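Participant: Starting from the given sequences, assemble the full structure and let the hints guide the process.
Residue numbers (this note's numbering), protein chains in the order written: chain A, 1 to 79; chain B, 1 to 79; chain C, 1 to 141; chain D, 1 to 141.
Since the hints were made in silico from the structure, they are not lab data.
In this text, all values refer to a predicted model and were calculated from it rather than measured experimentally.
Warning: the hint list may mix true and false statements.
Pairs of lysine-lysine, DSS-like flavour, derived with a Cα cap of 25 angstroms [as the list claims (entries may be wrong)]:
(1) D:K73 <-> D:K127
(2) C:K26 <-> D:K73
(3) D:K89 <-> D:K119
(4) D:K73 <-> D:K26
(5) A:K75 <-> C:K89
(6) A:K75 <-> A:K3
(7) D:K89 <-> C:K127
(8) C:K89 <-> C:K119
(9) C:K73 <-> C:K119
(10) A:K75 <-> C:K127
(11) C:K73 <-> C:K26
(12) A:K75 <-> C:K26
(13) D:K26 <-> C:K26
(14) C:K89 <-> D:K73
(15) C:K89 <-> C:K127
(16) B:K75 <-> D:K89
(17) D:K26 <-> C:K89
(18) B:K75 <-> D:K119
(19) D:K127 <-> B:K75
(20) C:K119 <-> D:K26
(21) D:K89 <-> D:K26
(22) B:K3 <-> B:K75
These stretches of chain A come out as covered by chain C in the derived footprint (C-beta under 8 angstroms, 3 or more residues) [what the hints assert, rightly or not]:
(23) 44-57
(24) 65-78
All residues carry an ideal CB built from backbone N, CA and C; glycine is no exception.
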Amino acid sequence: MIKVLFFGPVAERAGCNSLVVEYRAGLRLQALRDELAAQYAPAFALVCFVAVNGAQVHDLAQPLADGSEVAFMAKFSGG
Amino acid sequence: MIKVLFFGPVAERAGCNSLVVEYRAGLRLQALRDELAAQYAPAFALVCFVAVNGAQVHDLAQPLADGSEVAFMAKFSGG
Amino acid sequence: MSAAVRIQIEDFSQDDEIDAMRGSSKRIGGIATFLGCARDFSEGREVSEISFEAYGSMALAEMNALRSEAIEKFALIDARIVHRIGTVKGGDNIVFIAAGAEHRAAAFDACRWLIDELKARVPIWKKEITPEGDSWVVPHP
Amino acid sequence: MSAAVRIQIEDFSQDDEIDAMRGSSKRIGGIATFLGCARDFSEGREVSEISFEAYGSMALAEMNALRSEAIEKFALIDARIVHRIGTVKGGDNIVFIAAGAEHRAAAFDACRWLIDELKARVPIWKKEITPEGDSWVVPHP
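Facilitator: Shown next as structure tokens:
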């Protein structure tokens with residue numbers, strides 16, 4: 001099971017703060033992103049950063065472990 | 001009458017915080033400085049800045065008006 | 001004693017933060033701080049409130065990492081970072097950064113670096129609430 | 001309400017200064033401050049107290065001029081400068097500068113400029129009181 005998190009503007013457009021995607025062997029970040037982006041296109045138009053288990057990830061070819069927490073995030077605007 | 005002010009390290013070496021010099025027509029800052037520097041040599045070794053009536057003066061050829069307040073000051077060390 | 005890095009709903013006191021920092025060492029010669037405040041006006045629109053949302057666990061971890069990096073990079077004696085979440089009004093405090101060093105140059109450099117990095121690296125998002133409606137702020141690239 | 005530029009024996013509160021500044025406008029987005037503190041150690045010697053003497057009338061006039069120049073030069077919304085005189089102990093406050101602007105870059109630039117200019121232009125002298133005796137500080141050129 002993969003826990004997906006949305007915040008702020010992404011959550012607003014997606015209409016939810018989190019969702020669960022079933023884990024399958026060999027699932028990579030790129031595939032997860034592509035699936036969700038098709039489903040939540042307006043939300044993913046804002047996505048700039050991806051974090052897995054709280055750490056930013058730049059290489060979308062990374063395989064995901066079962067139980068991962070993945071956040072698709074808009075550009076930060078804190079401070 | 002010219003009022004002369006010393007502060008901090010200059011006052012410590014001069015042994016006083018202020019003194020009065022009699023005014024004479026045509027008295028220039030340079031002459032006042034030279035006289036006092038002869039009298040208070042160790043104090044004047046520290047003097048970096050001169051102010052007349054609270055404003056820094058760079059041109060020592062400036063004539064002094066009667067009643068002026070002249071400060072001979074060491075390098076500042078506030079802040 | 002409060003932690004040196006916090007995300008909180010409540011307001012904070014600069015005096016308390018400075019006292020906490022100063023308690024850590026009498027070798028601090030200069031403390032540079034930055035206080036970010038809610039403006040009642042942004043890009044020509046009146047703003048009545050600003051609301052902040054954070055990816056809390058990641059934001060706190062990034063802020064702690066920033067603090068450690070700054071202490072190392074600028075040879076600080078101490079640093080503190082506090083960011084509010086929830087809703088604040090015009091004029092209210094949003095973020096506070098303090099950098100304490102033996103001399104002022106390092107304190108200034110570190111404080112500026114910390115707020116720049118915080119804006120770039122810490123997952124917090126801001127929504128401006130205006131009389132014409134709400135909108136999430138999308139920073140300029 | 002206290003004046004925006006002061007020379008005083010008493011300590012000051014950073015919160016009070018910031019509140020006073022913020023009372024002046026809700027368009028302030030960032031306030032950069034610098035707090036200079038007495039260190040208990042200077043160039044290898046233990047320092048128990050520091051005493052400050054000012055050419056009061058000139059110092060206050062210069063500080064007011066610095067504030068006006070900074071507001072103009074950096075388009076600040078407000079600025080405050082407080083310097084203590086008399087004797088302070090290790091860890092005590094000496095000087096406080098706050099610069100408030102719409103955006104942070106101007107606030108940082110102005111705050112740094114103000115403390116640099118204050119050190120160069122304001123007639124205040126510092127004496128370090130150490131277990132081995134007192135000495136007036138002569139700044140490096």
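Participant: Work down the list of hints and note, for each, if the structure agrees.
Facilitator: Quick rundown of the hints versus the structure:
1. D:K73 <-> D:K127: Distance ~33 angstroms between D:K73 and D:K127 Cα, so the pair is violated.
2. C:K26 <-> D:K73: Measuring from Cα to Cα gives roughly 34 angstroms; hence the hint is violated.
3. D:K89 <-> D:K119: holds (20 angstroms)
4. D:K73 <-> D:K26: Distance of about 21 angstroms is within 25 angstroms: holds.
5. A:K75 <-> C:K89: The given pair, whose Cα atoms are some 23 angstroms apart, holds under the 25 angstroms limit.
6. A:K75 <-> A:K3: Roughly 21 angstroms separates the two Cα atoms, so the pair holds.
7. D:K89 <-> C:K127: Given pair D:K89, C:K127 is violated - Cα atoms ~45 angstroms apart, limit 25 angstroms.
8. C:K89 <-> C:K119: Distance of about 20 angstroms is within 25 angstroms: holds.
9. C:K73 <-> C:K119: holds (18 angstroms)
10. A:K75 <-> C:K127: Measuring from Cα to Cα gives roughly 13 angstroms; hence the hint holds.
11. C:K73 <-> C:K26: holds (21 angstroms)
12. A:K75 <-> C:K26: violated (40 angstroms)
13. D:K26 <-> C:K26: With Cα atoms ~35 angstroms apart, D:K26 and C:K26 exceed 25 angstroms; violated.
14. C:K89 <-> D:K73: Violated, at roughly 29 angstroms.
15. C:K89 <-> C:K127: holds (12 angstroms)
16. B:K75 <-> D:K89: holds (23 angstroms)
17. D:K26 <-> C:K89: holds (10 angstroms)
18. B:K75 <-> D:K119: Distance of about 10 angstroms is within 25 angstroms: holds.
19. D:K127 <-> B:K75: OK: D:K127 and B:K75 at ~13 angstroms, within 25 angstroms.
20. C:K119 <-> D:K26: The given pair, whose Cα atoms are some 22 angstroms apart, holds under the 25 angstroms limit.
21. D:K89 <-> D:K26: Outside the cut-off at roughly 36 angstroms; violated.
22. B:K3 <-> B:K75: The given pair, whose Cα atoms are some 21 angstroms apart, holds under the 25 angstroms limit.
23. 44-57: n = 5 at 8 angstroms, threshold three: holds.
24. 65-78: The restraint on the region 65-78 of chain A holds, since 7 of its residues have a Cβ under 8 angstroms from chain C and three suffice.
The structure does not agree with the numbered hints 1, 2, 7, 12, 13, 14, 21 stated previously, though it agrees with the rest.
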